[in-house]
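Student: Go by the hints and put chain B onto chain A.
Chains as they are written, first to last, in full-length UniProt numbering: chain A, 1 to 315; chain B, 1 to 409.
Just so you know, the hints here were simulated from the structure itself, not pulled from any lab data.
Predicted model, so just to flag it, every value in this text is computed and none were measured.
Glycine included, each C-beta is placed from N, C-alpha and C at the ideal position.
Fair warning: there could be bad hints in the mix.
[What the hints assert, rightly or not] Derived list of chain B stretches under chain A, where covered just means 3 residues or more per stretch with a C-beta under 8 Å from a C-beta of chain A:
1) 85-99
2) 118-130
3) 326-337
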Amino acid sequence: MKQNILLGVLLVAIALLIALPWYAPFFYIFIFTEILILGLFAVSFNLIFGYTGMLSFGHAAYFGMGAYTTAMLLLHQDWPFVYTLFAAMALSGLLALVIGFLCVRLSEVYFAMLTLAFGMMVFTIAHSWRDVTNGSDGIAGFRIKEFGLGLDLTIGNPAVYYHVTLVVVGIAALILYIISRSSFGMILKAIRQNPERVSFCGLNIRSYRLASFTIGGIFAGLAGALIAPFLRVASPELMHWSMSAEPVLMSILGGTGYFLGPFVGAAMFVLLETWITSFTESWMLFLGIVLALMVMFFRKGVLGTFLDWWMNKND
Amino acid sequence: MKTFNPKNLMVSAMTAATLSLGAGGVMADDHPIHFGGIYILSGSAATYGEFAQEGINLAIDEINQSGGILGRQVEVTFEDSQGKAATAIQAARKLAYQDNVDALLGLDSSGVAQGMVPTVPELQKPFIITHAATPDVTGNLCNEFTYRISVNVPQNQKAAARIAAKTDAKRWTTIGPDYAFGHQTWEYFGNYLKELKPDVELMEQTAFPRFGAEDFTPFINGIMDADPDGVIISVWGGDLVNFVRQATNLGFFDQGYELMFTVGAATEVLDALGDRMPEGVWLSTRYWYDAYDNELNQKFVKAYMDRYDHAPSYNAQGAYSAIYAYKQAMEAAGTTDGPAVAKALSGMTMEATNGTVTFRKADNQAMVSPTWGKTGPMHPEHGIRTLTDIQVFDGEDISRAPEETGCSL
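Looking at chain B on its own, in the form it has when it is part of the complex:
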């Protein structure tokens, strides 16, 4: 246990101002810049956290080899959110107050994000969400410390609705996890699709299995009994692996449904499924390693595959890009001071592996597009399905208008 330590007084006692004024200038140069990452590192979605760690570690090693940030080396501490809001909030407090991190990044789950984001301003540290997709955190819960570099539910569902509207499917239903993400996916998909194609039917019969449920059989059977034309599926993580296996056994993929997996092209899942992921279904991802023809992406994919021997997932890419976003913001601000870095992120434009990305001033959401594609043949080397008929949309065009977000920054 840490006992009396003068450094800790800086953050707690009344003397904070005087001490840090005296010590700040001297300490700033030699201390490494410290990031805190909060991801799911245990349970059925643990591979997502592991891929995020891989992305962050790669970015940090690259940065350290090329001189660091503001001339300082960079390091990271990870905490397990366990997919629970309360755990993530405690982890953020530990990182901010015990480990004295300079900036936070992470979060894999919408429910966790909804709980944690309102507490971020108390920590006075910038926070970049790299995966969790609930619209609320860059909507009615937004704040000046919280940013999101990854695709959110409305962006993904507006794209999904455009694709769905072009198909012949009239009667749509959903299978999704029984928490914010699954319910909001269905809500936004339905609303956008109705706008584009008013004669579609959004069915009453939907399925929301518990996140982490192992048996999806009754839900799959229920949907098959209702006989829809199209199904939007937002099951993810280890659940999606189980779901696809069980759905295959039940003949779900032989019914001729139009199937759209809203986060199906996560390479964590494709790796685990191999050729058991059926061909000819629509998969979405926040980032597809093969879809961006720019120098940064080529460099990233090569470095990542050389080091880890599998294709980078969107979670790896989001986490990797967030570290570079912090690098740019800290260099622009000339400091690692929390509020100053948060301010530098507002409206910032950066070159990322998925193109030019801007954090919109109005809601701190990155203007990015999901990548949708149809599963094709297996990739000869990577051991996963390829994506064909790839569709990438304009980030600005696919995002909610600022006044729709409910965020007033």
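So here's chain A without its partners, still in its complex pose:
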């Protein structure tokens, strides 16, 4: 029964998202485009963090890699947009595979520090290699014309781009959900809970960690590929460690234990930022207070706390 209600709520939420441009103020199209993209970024991070139990502090490297790939392909090669998404996923995945190979042998704080170090290394390259990445100014001025696949979409129109984002993020989230529910996903969860036990079962933990890390990187790259045309610029800030902190915050805000938790966290993050910065410049102070309260009293995040309470009610 409760499962059906949840499914119903989810379907209504999806319907509301699809219909957004017809009832919401125009500005909220931008807000929700950002929420969807950052939500995907956070969900891709949560596969590594919430499921596999590895706290990566350099996830923005793959996000930024995706953004630069799309921006540069649009600027120099005039590729149709949809193909740049695949290229971004491939390159980000490759980067995550290489960095992950060097990182997954370590665990806990050493893993976090090493991913942070690699993340800042990638940032520094983007920031300094002026001939290729245009330095701190980033890649801008690219045209967004063709979608590809023979579809006649004017993706320069924010409402159309919102729908494109919704479809792409929806498909990606579905794939990630299937992965998380598969036997592979179960093993990741088991690794988080007790890695020794999993290795006693004869499984190579390192390969599973690397696979999880790479898949997370691929989908972070997809999120990055969506953000560049949205922001109209791919700049080194997208790779900065403070950007790597955002999916961590979003996952904690929404809840790491449920698949959709990071999406809820992303929505809270972006909406709070939009509303609070209308009143004050110091929105980070408010975010800090909210986060401190969450970590102290609602460790499972907003979605996690609510669902756990509701599912156990009347039982």
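Tutor: Same frame as chain A, but now just chain B:
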């Protein structure tokens, strides 16, 4: 959060045309005209944004006291660009779609301008740049909605090269921020100087510290080791304040170099430095409050100093003038409709505090000249260095020819 609001449908839904046709005429008369300003309001260059706000607020109060624009009152909303392109683009979208502003102005940074300008036509709002100087936005990235009232890099560097060519310095290098502005300054200065004086040497050893870097010591030492004759310095904002202090301590100003600060006479910086700004160095500015002997300028400087108790900077003057440019364009167009106002700005000539200013039809760049001068004694009342040997050039003469800009409007 705003929920269902019929006014918002006007901009989004298919019914836009019919609704706005019905409502446009009635609403137009009582709603204030709304400007959106995007400036750096936080970080090391925040004073630039504050001076721009002062200029805009002064212009708006003057206009409101004398009957407004098209009989309507005028108001402004500011957004912080944080010196980042993505933030500025989001801010412009917020201003255009959420606050429904009629026109945009702003931008302090070349990098931000390069990112934002290509998105302006989507907003269908006119946009006047009042500070950012990259040639690209009135060059290969130009569009029919974007104008610039302030001096750009080529104008400033052509003037700089003329001054540099008259000095004895043969070996030139640069210190500039590591983004579009610093690199383009060096590129244009070098090219113009080579044209005027082919035997100068443009040194390999240059210094491009990160914008917002706090420690300039290694860069200053590097330049001193290379022992140039002349240095063109495009560091600006809070960075320039830090730079001058550190350079003083390292003895940089005692080496006998010919020093040219391409945006050194920003009163924000001169205020902060006082007599620590050395005497006898060349400073440039897009506007020097003491250099223009016309009635508008006298009125502006007096009103500004009475109200804010410091001299107006070029950023204050650019922002102030942009509001008056919009006033003239909106009155010429007879409407605040975005495309119509943008069209009215094209080729428009206005009387500004720095003389007669024309937005060139070919690239929407104002034909204006920088003011270069040598630092002299402290001003007895204003607490900043005076400028001596002031040089102002003809705007048209100092600008790139239309075919050099890469802009085809």
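Student: Next, verify each hint and record whether it holds.
Tutor: Going down the list of hints, with the structure as the test:
1. 85-99: Held - the stretch 85-99 of chain B has 8 residues with a Cβ nearer than 8 Å to chain A, which meets the minimum of three.
2. 118-130: n = 3 at 8 Å, threshold three: holds.
3. 326-337: violated (count 0)
Comparing the model with each earlier hint shows a violation of hint 3 alone; every other hint is respected.
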